[in-house]
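Asks: Chain by chain, the residues:
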Amino acid sequence: MKHTLTLCGQMALASIRGQMQYRFSFIIGVLGGMFFQGLGIVMIWAILETFTSLGSWGLAEIALLYGLRLTAHGLYLVFFSSLYAIDDFVREGQYDRLLVRPVHPLLQLMFTDFRITVLGDLIGGIAILVAALSRIDIEWSAAHVMLITGAILGGAMLDGAFQILPASLTFRFVESWPARVVFDDVFSRYGNYPTDIFGGIGSRVLTFLVPVAFVAWLPAAILLQKETFLPSWTGWLTLPVGIVCMSVAITVFMRASRGYQSSGS
Amino acid sequence: MTISPSLPALKACTGMALQRTWAYRSRMALWILRNMLMLFSMRMIWTAVYGDRTVMNGIHLDMMILYVTIGMLQAYLLEPIASGEIARRIQRGTIASDLVRPVGFLPQMLAYDIGFLIGRIPLIAIVLPFAAIVGSLQAPPTLETAVGYAVSLILAYVLSVLVWLPIGMIGFWTINTTGINFLAYSVLAFVSGQMVPLWFLPDALRTTLRWLPFQGMSYAPLSIYVGETTGYDILITIATQAIWIVLLAALVWWIWQRARYAVQIQGG
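Heads up: the protein sequence lines correspond to chains A and B, in order. The first sequence lines up with residues 57 to 321 when you count with the numbering used here. The second sequence lines up with residues 17 to 284 when you count with the numbering used here.
By construction, these hints were calculated from the structure, which means they are not laboratory data. Note that the coordinates shown come from a computational prediction; the quantities given were computed from them, not determined experimentally. Among the hints, a few may not be true.
To be verified - Only some residues are given here: those of chain B computed to face chain A with a beta carbon under 8 Å:
#, residue
1, 65
2, 73
3, 190
4, 196
5, 198
6, 206
Yeah, the Cβ is synthetic: ideal placement off N, Cα and C, and Gly gets one too.
Please work from the sequences and hints to get the whole structure.
Replies: Below, the structure is given as structure tokens:
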């Protein structure tokens with residue numbers, strides 16, 4: 057276990073060293089990520105300057121959703137950003153390399169192409185989350201800290217699960233990025249808002265089929281004492297739901313990887 | 017450079033680009049799915065912020081949904097491809113062969129862009145029914161609006177090309193433009209008024225954006241289409257776009273004169 061961790065650390069460091077060779081690209085990359093996410097919150101701010109609220113949610117409360125979702129996403133990216141390379145790995149037969157080494161192939165995939173620029177998302181997420189929390193009037197308790205920590209960890213796992221699951225399609229169809237992009241869209245477009253604004257069917261799909269509601273909306277509803285169509289304790293389920301989804305995703309991925317055929321080149 | 021001998025060459029560039037749009041038509045399904053997800057989210061968000069109101073500052077919710085629907089279609093149609101193309105050619109080093117051709121590099125890229133534009137027009141027809149169901153589609157209310165929109169849309173396209181060309185040309189100095197492109201793409205989506213119409217922005221921001229050329233890329237035609245800009249104001253909007261086109265064209269030419277000497281050819 058210790059050996060595995062050291063190896064993963066070394067792989068990550070090697071790829072960071074590689075990326076630091078292009079310092080300008082690195083800086084623009086981090087800024088690009090932060091800017092892109094920052095603009096999302098600027099858009100919400102601009103709209104709420106005119107409309108003051110979105111349903112019963114004010115700017116700080118929407119920012120809390122945004123901050124929770126983005127921090128979870130940033131955390132997911134820190135570990136899984138190299139998943140985007142899976143198509144190339146399979147098409148070019150590079151997956152061979154991962155199979156002959158004595159570390160779990162998924163772990164290797166996580167760290168061989170560690171994208172340092174994704175730190176922009178994590179930093180931006182934490183900044184928005186802190187700003188939002190400081191503007192919300194709540195009496196802090198240990199339970200609240202646990203709730204937020206669980207939501208971020210569980211949210212990151214949910215994000216990861218719904219990227220690893222479509223990634224397993226690569227072993228059969230060689231290309232899986234379209235499916236991954238669509239799930240990424242669903243999380244990033246729908247995760248920042250109270251799920252129930254997306255209508256009866258829409259919000260059920262976003263809760264039970266692709267559980268985006270668990271990333272920010274349900275835990276935030278406990279914190280802000282808002283009504284949802286589910287009992288309020290469901291806001292505590294983000295971490296367990298995340299763990300279950302992640303386990304299923306990894307199992308499916310490993311099953312699917314048995315169908316891997318090297319390109320032979 | 018004389019026009020007559022270069023015309024067939026430029027036509028060939030256009031034709032090539034046109035064929036390429038169709039070569040990627042399998043991507044169309046993905047594009048439709050992603051944009052419908054976007055459109056549905058925007059529709060529901062606007063519906064939620066309107067809440068019990070049907071009108072806000074004189075803007076009906078229906079108008080807003082029409083705005084985001086047409087905005088999405090317009091963004092697809094008008095997205096210039098040349099800047100990405102320049103970046104790719106610089107990275108691969110194939111820019112060398114583009115530069116030695118007897119036809120100017122900029123005209124080649126413009127011909128390329130036009131090919132992509134023509135190629136995408138029929139694809140819009142495929143998207144329309146989806147856009148009508150998920151968003152909302154209505155014809156412009158009057159003939160005056162329709163004509164004004166058409167003119168403003170053409171100018172918006174020219175503006176988009178002129179704004180994106182220098183972004184692509186940054187590659188002549190930095191080689192890699194992926195980060196810059198991404199940055200520009202998200203900033204432009206906001207400052208062009210495609211994400212939020214200028215009329216719903218806080219005063220200071222709205223005034224600033226009105227004085228910048230970017231609103232002419234998206235907001236100007238859209239505000240005509242939904243009937244917010246009418247009568248005499250349509251002429252002012254179009255004139256503003258035209259003035260920016262002249263200024264930006266001069267700027268692009270000036271940058272190009274410097275970029276062409278900064279070129280580095282990659283690979284051997």
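Asks: Each hint: holds or not?
Replies: Structure-based check of all given hints:
no.: 1; hint: 65; in the structure: 4 Å, holds
no.: 2; hint: 73; in the structure: 7 Å, holds
no.: 3; hint: 190; in the structure: 6 Å, holds
no.: 4; hint: 196; in the structure: 6 Å, holds
no.: 5; hint: 198; in the structure: 5 Å, holds
no.: 6; hint: 206; in the structure: 5 Å, holds
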